[in-house]
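Asks: Position chain G against the provided structure of chain A, taking the given hints into account.
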Amino acid sequence: MPAAYTVNKILQNDRVTETVYKMKVDLGGAPQPAPGQFYMVRGWEGNDPLLSRPISVNDAGEGTVTFLYEVRGRGTRLLSQLPAGGQVSLLGPAGTGFPVGEVSGRVAVVTGGIGLAPMVYTAKSLQNCQVDFFCGFRDQSYELESLQGAVQRVAVATDSGREGQKGFVTDLFSVADYDWVLTCGPQVMMEKLGRACLDAGVRCLLSLERHMACGVGACLGCTCKTAHGAKCVCKEGPVFRAEEVIL
Amino acid sequence: MSDLRTDLCGVELKNPVIAASGTFGFGQEFAPFFDVGRLGGISSKGLTMGGKYGNEGQRICETPSGVINSIGLQNPGVEAFLRDDLPFMRRCGAAVIANLGGSDLQGYLDGATLLSEADIDILELNISCPNVKAGGMAFGIQCQSAHQVVSAVRKVCKKPLMVKLSPNAENIVEMAQACEDAGADALSLVNTFQAMAIDVERRQPVFANLFAGLSGPAIRPIALRMVYQVCGAVKIPVVGLGGIASASDALEFLLAGATAVQVGTANFVKPDICLDIIDGIDRYLERHGFAAVSEIRGLARTDR
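Chains as they are written, first to last, in our numbering: chain A, 1 to 247; chain G, 1 to 304.
Next up, chain A with everything else stripped away, as it sits in the complex (with noise of 0.2 Å):
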């Protein structure tokens, strides 16, 4: 899909955790995103924050994106106090989403903290899969009750033992046991999982996060090192193949 440059409005913008915000946007017939795809998204005037904000797309349908989104700055915190029914700026969809169509067979999503938000849209669009969802959590879980009905199992890990099983999620499985891994989390916990599924011979995808200025693959700020050289994270990616990308 070709990205466009649009202002939304937006539908609902609400409190899911202490931290996390989940807020819809009606696309107005701008088109749909692909599972792991984002948006850089800006909720100001001005200058200052500068730069638009890369969030993924956590659910997508008739006509409207769902963003899930930490506020970790201001300019999430500018985010999370949006009104319903105010206006917001799209640039997207932007990026190289899952192929999911190529994706079958036993499935492990993996996610650790907001790297959540993507794989929600993802683990619901894949077909002829039997998907097993191992998350990761701070503390406790959020969000999700929308995976219902999508995936085989979910299991939880989080930091404190507060919720699930206390540790690494990366703990709570063997990818042996896999055909496919698709990740989305912290940088460490995606190199170990990345190390371990080429280990296992397994097919393993990995959502990337990087600091992005222009999200349309010009200012080469957010680069990653690939096999084949300097790759844009908002571009090329931000979904890349285990054996393709260099962590």
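These are computed hints drawn from the structure, not numbers from a lab. All the pointers check out, no bait thrown in.
Listed below are the simulated DSS-like cross-link pairs for lysine-lysine, each with C-alpha atoms no more than 25 Å apart in a straight line:
#1 A:K124 <-> A:K22
#2 G:K270 <-> A:K9
#3 G:K270 <-> A:K24
#4 A:K192 <-> A:K166
#5 G:K52 <-> A:K225
#6 A:K9 <-> A:K22
#7 G:K155 <-> G:K235
#8 A:K225 <-> A:K192
#9 G:K235 <-> G:K14
Okay, the calculated beta carbon distance ranges per label pair:
#10 G:G77 <-> A:Q130: 46 to 52 Å
#11 G:I222 <-> A:D199: 51 to 57 Å
#12 G:G37 <-> A:A84: 38 to 44 Å
If you want the footprint, here are the derived chain G segments under chain A, 3+ residues with CB under 8 Å:
#13 16-25
#14 46-59
#15 66-79
#16 268-278
Where is the CB? At the ideal position from N, CA and C, for every residue including glycine.
Replies: Positioned in the frame of chain A, the structure of chain G alone reads:
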């Protein structure tokens, strides 16, 4: 509709708004958002002879109304540019400005030779990239080394030669005069200001290269002061840039004496912001009864 046509050292631009190097790719990246042929010109991503991978580590850090970048001249190389990117730039309808960076004199000479034989309109010589060691900016700090590299490139360059100056030059006015004396046909200023950021959680510098280049609205008033000073000190045309994000910002530079402007970081804020700026300049001219944009050049100067 006012006459926005702008003569930049013998090259006619449709209007005085040019997309700045390093912020607009090779034009094609922005083609999904608007007809980039409406721009006065597009300055290519900074090119080097052999191409470059660019810098390691984090490359972007936002600051108040600004952004620090440490891209490090990542580019496919002059030859790949001529083969893969120039055809679209040429076809789109905006003036083609090839931005050439380098890390040694021979690289500049080889690049200028190749580029000036190609179908480009202007060669923009970047002696001001702060992100590449022993290069780019090294030539743009002291007048003597700038004079040397511009003179040498002038001899091999068959196209109009515009030299892009660094605000980190020891003395921006003397630097401008040195480049004019060395045969530059035009000047563009300013490139990014050398800057720094520290990650307080990790207690270490954000950028692997330590220092990087600050751009965006935060630098505009300083850039404007430098453009004003240089316009008063040279006879060749000056292209002003540094934090321009609106028609009003662009008009400040034109009124200070700039012949044209470049828009850089603001392209990241809104992909078609250059069109807003072009239309805004047009409305301003109409509102104030000017028939052509050339009429307002330098009108705010006190030394007219």
